[in-house]
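Keeping their order, the protein sequence lines are chains A and B.
Each step along the first sequence adds one to the number in this note's numbering, with nothing skipped, and position 25 is 25.
Quick note, this note's numbering runs 1000 ahead of the 1-based positions in the second sequence.
A hint or two may mislead.
What the hints assert, rightly or not - Some chain B residues well away from chain A (every beta-carbon gap over 12 Å; in silico):
(1) Y1064
(2) S1067
(3) K1070
(4) S1094
(5) D1101
(6) L1114
To be verified - Stretch by stretch, here's where chain A covers chain B in the computed footprint (C-beta under 8 Å, at least three residues):
(7) 1038-1050
(8) 1102-1112
FYI, nobody ran anything at the bench for these hints, they're computed from the structure.
This structure is a prediction, so every number in the text was calculated from the model and none was measured.
We put the CB at the ideal spot given by N, CA and C, even for glycine.
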Amino acid sequence: SQQGEEDPQALSIQEGENATMNCSYKTSINNLQWYRQNSGRGLVHLILIRSNEREKHSGRLRVTLDTSKKSSSLLITASRAADTASYFCATDGGSNYKLTFGKGTLLTVNP
Amino acid sequence: NAGVTQTPKFRVLKTGQSMTLLCAQDMNHEYMYWYRQDPGMGLRLIHYSVGEGTTAKGEVPDGYNVSRLKKQNFLLGLESAAPSQTSVYFCASSYLLGAQDTQYFGPGTRLTVL
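All chains should be built: construct the whole structure from the sequences, respecting the hints.
Right, here's the structure in full:
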């Protein structure tokens, strides 16, 4: 069963614009992670945010977490063509062994 | 430092054939995982290992077996392949268990079962 669900399923923007992707989940979590997957490649970890954190930054990435709404967002600022990829949120759903991935958002950044 | 490597990268099997996928990591991680990724389904956990000699079932373990004879290697076996096992398989490893830590992924193995 899916724990995290990303929204939108697909997003197309122009280079230089900001991209925002959202993730909603169903059960309480200890932490939430975001991963990127370029076409035909493995997943690459972007950010881990814990349930007691509200916001985290890494370079051009900003992740927020609202545990009351069971949602998270990933903001990519000043996007580049190289940011074109699928982005997945992953949650623990309260489990200490299992990371459950959503279906992902496909981001296309047009030059 | 190669990280997580997987062999082979591609494989085509006929129904009923068997094969083993090999995952190797050089980060001295205790924890290793096998996932499958299907279109529109996200990643699903098949089996995982919490250390050398130990394995456990994940979300979709049926039709697969695993072994962790050495800390750096995690093998995924298909004894009798079925078309439903056509998928992309990813191996991952981590320092801490499960969701507590970053998981490092291999490049994947694309398997087609005819």
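Tested hints:
| no. | hint | verdict |
| --- | --- | --- |
| 1 | Y1064 | holds, 16 Å |
| 2 | S1067 | holds, 19 Å |
| 3 | K1070 | holds, 21 Å |
| 4 | S1094 | violated, 9 Å |
| 5 | D1101 | violated, 8 Å |
| 6 | L1114 | holds, 21 Å |
| 7 | 1038-1050 | holds (count 8) |
| 8 | 1102-1112 | holds (count 7) |
In summary, the numbered hints that this structure violates are 4, 5.
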